[in-house]
Each structure stands twice: as C-alpha cells, then as structure tokens.
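Position 17 (the sequence shown) corresponds to 135 in this note's numbering; numbering is contiguous.
Derived from the structure by calculation, the hints contain no laboratory data. Among these hints, one or two may not hold up.
Label-pair restraints from in silico Cβ distances [to be verified]:
no., residue 1, residue 2, range
1, D163, H133, 14 to 20 Å
2, F134, L157, 16 to 22 Å
3, P161, G125, 34 to 40 Å
4, C159, V130, 16 to 22 Å
5, Y129, S164, 30 to 36 Å
Beta carbons: idealized from backbone N, C-alpha and C, even for Gly.
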Amino acid sequence: MGNLLCGGAAYVCQHFYDSAPSGSFGTMTYITRAIATLLNCLPKDSDLECSIS
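Generate the whole structure from the sequences, applying the supplied hints.
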C-alpha cells in the first residue's frame, strides 16, 4: 500500500483514486488536465480525450 499515511499504491494517496462510475469526471483526470494546462501541453486547435487507465 505504499508509504503514505492515507495508504495508496505507487505513492498516490487512496483519496485520489477514481472509483466507478466517475470515469472522465474522476479526480485523476482533473489533476492530469490541470497539470497539462499549467505546463501548456494541451492542444489549442482540437479537443483532448484524457482517459486515465
């Protein structure tokens, strides 16, 4: 379960894990989109499918 106080695998807190039926509305999807926005990595001329698996 990792070494986190909240218990999680791969150093990801279990509170950030998506649980069904969150899908594209899950926490990890939003975090990934936020990081991509901050790093200016999102395409400007097209949509982005951001599925975390």
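Violated hints - listed by number, lowest first: Hint 1 contradicted; others consistent.
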